[in-house]
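Line by line, the protein sequences give chains C, X and F. The letter at position 47 of the first sequence is residue 47 when you use this note's numbering, and the numbering goes up by one with no holes. All you need for this note's numbering is the position in the second sequence, starting with 1, plus 1000. All you need for this note's numbering is the position in the third sequence, starting with 1, plus 2000.
Think of the hints as simulated: they come from the structure by calculation, not from any bench. Treat the hints with care, since some could be wrong.
[Unchecked claim] In silico PhoX-like pairs for lysine-lysine, Cα to Cα no more than 25 Å straight-line:
#, chain 1, residue 1, chain 2, residue 2
1, C, Lys-67, F, Lys-2009
2, C, Lys-64, F, Lys-2202
3, X, Lys-1202, F, Lys-2014
4, C, Lys-67, F, Lys-2007
5, F, Lys-2192, C, Lys-35
6, F, Lys-2182, X, Lys-1202
7, C, Lys-24, C, Lys-67
8, F, Lys-2182, F, Lys-2226
9, C, Lys-35, F, Lys-2007
10, F, Lys-2009, F, Lys-2226
11, F, Lys-2226, X, Lys-1202
12, F, Lys-2189, X, Lys-1202
13, X, Lys-1202, F, Lys-2009
14, C, Lys-23, F, Lys-2182
15, C, Lys-3, F, Lys-2193
16, F, Lys-2226, C, Lys-24
17, C, Lys-24, F, Lys-2009
18, C, Lys-23, C, Lys-64
19, C, Lys-47, F, Lys-2007
20, F, Lys-2202, C, Lys-3
21, C, Lys-64, F, Lys-2189
22, X, Lys-1004, F, Lys-2182
23, C, Lys-3, F, Lys-2007
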Amino acid sequence: MAKLTIATEICKGCGLCADVCPKKLLALSHDINSKGYHPIAITDQEKCIGCAFCARMCPDAVIKVEK
Amino acid sequence: MGQKMLMKGNEAIAEAAIQAGCRFFFGYPITPQNQIPEYMSKRLPKVEGGCFLQAESEVAAINMVYGAAGAGARVMTSSSSPGISLKQEGISYIVGAELPCVIVNMVRGGPGLGSIQPAQSDYYQSTRGGGHGDYRMLVLAPSSVQEAVELTQKAFDLADKYRNPVLIMGDGLIGQMMEPVEMPEYVKPELPEKTWAATGWKPGCGRDRAIINSLYIDPNVLEQHNRKLFAKYAVMEQEECRWQEEMTDDADYVIVAYGTTARIARSAMRKLRENGIKVGLIRPITLWPFPNAPIQKAAEHAKAFLTVEMSMGQMVDDVRLAVNGKKPVEFYGRTGGIVPTVREIVEQIENMAKEAK
Amino acid sequence: MAVVYEKTKMLTDKPLHYCPGCTHGIIHRLVAEAIDELGVQDKAIGVAPVGCAVFAYDYFNCDMMEAAHGRAPAVATGCKRVNPNNVVFTYQGDGDLASIGAAEITHAATRGENITVIFVNNAIYGMTGGQMAPTTLPGQVTTTSPYGRDPNHCGYPIRVSEMLATLDGPAYIARVSVHDVKHIMEAKKAIKKAFQMQIEGKGFALVEVLSSCPTNWGMTPQEALKWLQENMIPQYPLGVKKEVE
């Protein structure tokens, strides 16, 4: 299992990470951050393979990936 | 050094700059200042750490100056009127980013392409900033090749002291004429270290990250920045104002003139004194800050002032501001590259004296 | 657990001001990672442009200079000539580099100025609100080409990389894209190479990065990347345009 750490406060909810996730594990959260964006969230941490595609695609360096 | 050499003004300025530690020159050809880049292109590659680069335009040249000054170097560029107009955007950025550099303007006739003959019609542009925004440059106006040498060296020190560009304003003639000149041995005064320069940074290296910048998007911060710049200009006005006075003590008529025009005015003054008219001369050496003090003092006793310029009348405004209505301020100017003659100035004063009677 | 991927220390903690889904952030990260991986943070000096990346000096964690519009290559030239050991790069958009700064980039390139240029091409002026750029595609609607760019009226887009590759001066010129992860990895390689060239003293290196502008293109970030892929890449073919040994 891999671990994603998402800096939700600086996420702008563009969703580009969700599109590139090979397992389709990322979706916008219902929460709203202080900037007014719905930040991205992982739907099933267990299934994350730690490929870091999401982190490489993210324009705001929001995601840290550990494995 | 120390021995007298016969040098062209432009070349003497270039050599003086090198003596003062200028190792970087970025320029673009334009008459009548070409001997400065030419001299630099010959000399700088032979000086340790020296670099001359002919830029693709005046615009590029002044931005190379910005980059070199931002990296902490003593750097110079030179041009003539139309070229200086092109540099104005960059000069404004340099002032905004508080970078030291020396800029030479060998002024030629304008507007537009104008002529290649000497003129003083860039006075407004030089003394009021020149580019966009609210700012000042120190403007030094030599009237001999020897003085050009001394002021050029001083310019680098002043630029570093105030982190502000210094403009050497010659009038074409100063650049082109040959005079005997003694290259003084340059002694660098104590100046603040350039800890603000962008030279490479890493966390814990003992200073903040250098950001060479003139953008202050927050209106309050920009206003603060402008106030800081103007506090600096206030110190310059206090400390750096230079002028030369000749025979003003008993003068009924005071001529105010700078650069080449002051030399002609001096001859006119002597001639008029021989003819029994008491004439004095005030020669501003710094055009900004403008020497108000000697003019105000002379306004106490003089009958009238005559400002002589190679323009349609620009510095005369500053003379009138200094005199502040106390005495008449007349103007005599030639333009288009025509240099006023001694005889013309003599006639002007004689007419003023006649009218007074 | 080992870190597979995290934000490089060559970027400051300041949150990027770019619009959601704007690829400037990706390109910033690639540049920062390249500098970090080459171990030259302490030598790096970045020159920011005028345009959307005007605040780049807040993001790159090294000494920075902010240049006038289009003049970054001239500023970088002055800086590099003073301290040749510094690793000097410019980060410029298409309006900045290909329009107002066309002379400065061309001459820095032909001089073989030993600097690295990151050229972000998104076919539009972003910061000023979506006006036509020198790289705007024929037919593309912008706020100053409201009926679509008509080449008969205002000319054709400039292929900067191909144009500069005709010069003898440059050491390395490549065009890359950041519309998907594979291309991002390739872009990173090219950017790193462009810095490597400078470090080795080989001379002028430029990487043109095709980028998106969802806000001014009037698209979602996803649509914008698709549009980039389908419309920009045919106009601006990817690949290495010049490389000296």
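Identify every previously stated hint that the structure contradicts and give their numbers, smallest first. Failing hints, ascending: 2, 5, 6, 10, 11, 15, 17, 20 and 22.
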